[in-house]
Every structure is written in C-alpha cells, then in structure tokens.
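Heads up: the sequence lines are chains A and B, in that order.
Per the numbering used here: the first sequence ends with 114, consecutive numbering throughout.
Per the numbering used here: the second sequence ends with 229, consecutive numbering throughout.
These are computed hints drawn from the structure, not numbers from a lab.
Just so we're clear, the structure is a prediction, and the values are computed from it rather than from any experiment.
A portion of the hints provided could be inaccurate.
Chain A stretches covered by chain B per the calculated footprint, using a threshold of three residues with CB under 8 Å from any CB of chain B [said to hold, decoys possible]: (1) 40-48; (2) 62-73.
Computed cross-link-like contacts, DSS-like style, restricted to lysine-lysine with a CA-CA straight-line distance of at most 27 Å [stated by the list, open to error]: (3) LYS125/B to LYS42/A; (4) LYS171/B to LYS15/A; (5) LYS125/B to LYS5/A; (6) LYS15/A to LYS42/A.
Virtual Cβ for every residue (Gly too), placed ideally from N, Cα, C.
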Amino acid sequence: QQQVKQSPQSLIVQKGGISIINCAYENTAFDYFPWYQQFPGKGPALLIAIRPDVSEKKEGRFTISFNKSAKQFSLHIMDSQPGDSATYFCAAAFRGAGSYQLTFGKGTKLSVIP
Amino acid sequence: GAGVSQSPSNKVTEKGKDVELRCDPISGHTALYWYRQSLGQGLEFLIYFQGNSAPDKSGLPSDRFSAERTGGSVSTLTIQRTQQEDSAVYLCASSLGNIPNQPQHFGDGTRLSIL
C-alpha cells in the first residue's frame, strides 16, 4: 500500500525527443506527488510537484500528468537535452505518524544522446 | 552555508564497528529527515525531526540505528555494530516545515561501505 511503482528502470532518448517516465500508486491517502532529479554523486533535487486536484502541471520543458482514477502520474520532458541525463525519482507523500513522509519510486536512469 | 551539508562524504569501516554520520541543515529549517539509498533502489525514509517534537522513528530498520538532533540544528545518525547490508548512501534533507509544499532540500549524502 505504501509502494510507488516507477517505470521504466532506464530510458534512452535522442536529443530533442520526449522522455516519459511513469509512476503508479495504491494508497489513496497520498496527496502530494513530487518528482526529483538526481545527478551522480549529488543529492536529489525537487524538479516539479503536483497535488491530486490538478490533472496537469507544466514548468518549462517539464510536465506532470496526473490521473487520479487510475492512480497514475507521469513526467514528460519535452525537447530532451543531454544535460537532462540523470536519475529521476517520483514520490508520493501522505501524513503518517504525525508527519508527511515521502515514499519514493526506485528511479529511472535517463540518458539523452546527442 | 547555502545548502544541506553532510559529513563525511565517504566512510569505509569494518563490519561490527559503530559509525556516526553528520548533517548540517539549511539555517532556519525546522524539519530534518534522514533517508537511505541503496544501489538501484529508491530512497528509504529513516527518521524525521520537527522542531522540539519527538522524532518520527518509524523508518528505522533496526535498533542498531539511532539519530539525534541537538539544539534543533545539527543531526547525527548513528549505526551500531554495522553489518554489510548497511552499505548505502545516507541522505539528509531539511525543509522549512513538514507540509507538502515546503520542498525537502537534500545534501549530497554519505557513502557508507562496510567491509
């Protein structure tokens, strides 16, 4: 119930293409869905986040699509660039034991090739 | 400092030894989190501190793991009698408060290797 399932595990996209990463969850108590970007040797950094009352959120080349009935959400990276090559984690938060806890997917390693 | 600072960046120790990992959160951040990231896995929540409240220890995997936060700032994660399965990157994050729209800012982690 606490899991967030992320796919694919790895993704190779050509420069200028669209990268799509998908996540699914079971726990309907989740009410906040952030995406994090992590470069090798660095900590994750918040990229974009969405609440379940919104079906889509766009920030620059990054868009989250959210399907509440299907309990799925996805990250789209438009016009993918080599600098986007990183590991991306989806996450979901719920209030448990008095605090908001983030449950992370296992990550997608994105490689954007020139 | 401008960001979350963790030390050491790398730690190699022998099985059975105790280790201490340190986290300096962003100044003014009241919430502090510890996570564990194993190879090929996502981030696993360990423990959370908010101000002077009792910590949320629900993610600690065993009683060999403990953490404290002194003066509402610096935090130390201690692993006693380390085992090989403790090898991972330990990440610390801080945020202004424990509500969803206050993003968690992560340090670069401590890479712990147990021989």
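Here is what the structure says about each hint:
1. Evaluation of the coverage hint for the segment 40-48 of chain A: fulfilled, as 6 residues show C-beta separations to chain B shorter than 8 Å, against a requirement of three.
2. Taking a C-beta to C-beta cut-off of 8 Å, the segment 62-73 of chain A contributes 0 residues in contact with chain B, too few for the three needed, and the coverage statement is violated.
3. Between the alpha carbons of LYS125/B and LYS42/A the distance comes to roughly 16 Å, so the proposed pair stays at or under 27 Å and holds.
4. This hinted pair does not check out: LYS171/B and LYS15/A have alpha carbons roughly 43 Å apart, beyond 27 Å.
5. Straight-line distance between C-alpha atoms of LYS125/B and LYS5/A comes to about 31 Å, which puts the hinted pair past the 27 Å bound.
6. Between the alpha carbons of LYS15/A and LYS42/A the distance comes to roughly 23 Å, so the proposed pair stays at or under 27 Å and holds.
Checked against the numbered hints given earlier, this structure breaks hints 2, 4 and 5; the rest are met.
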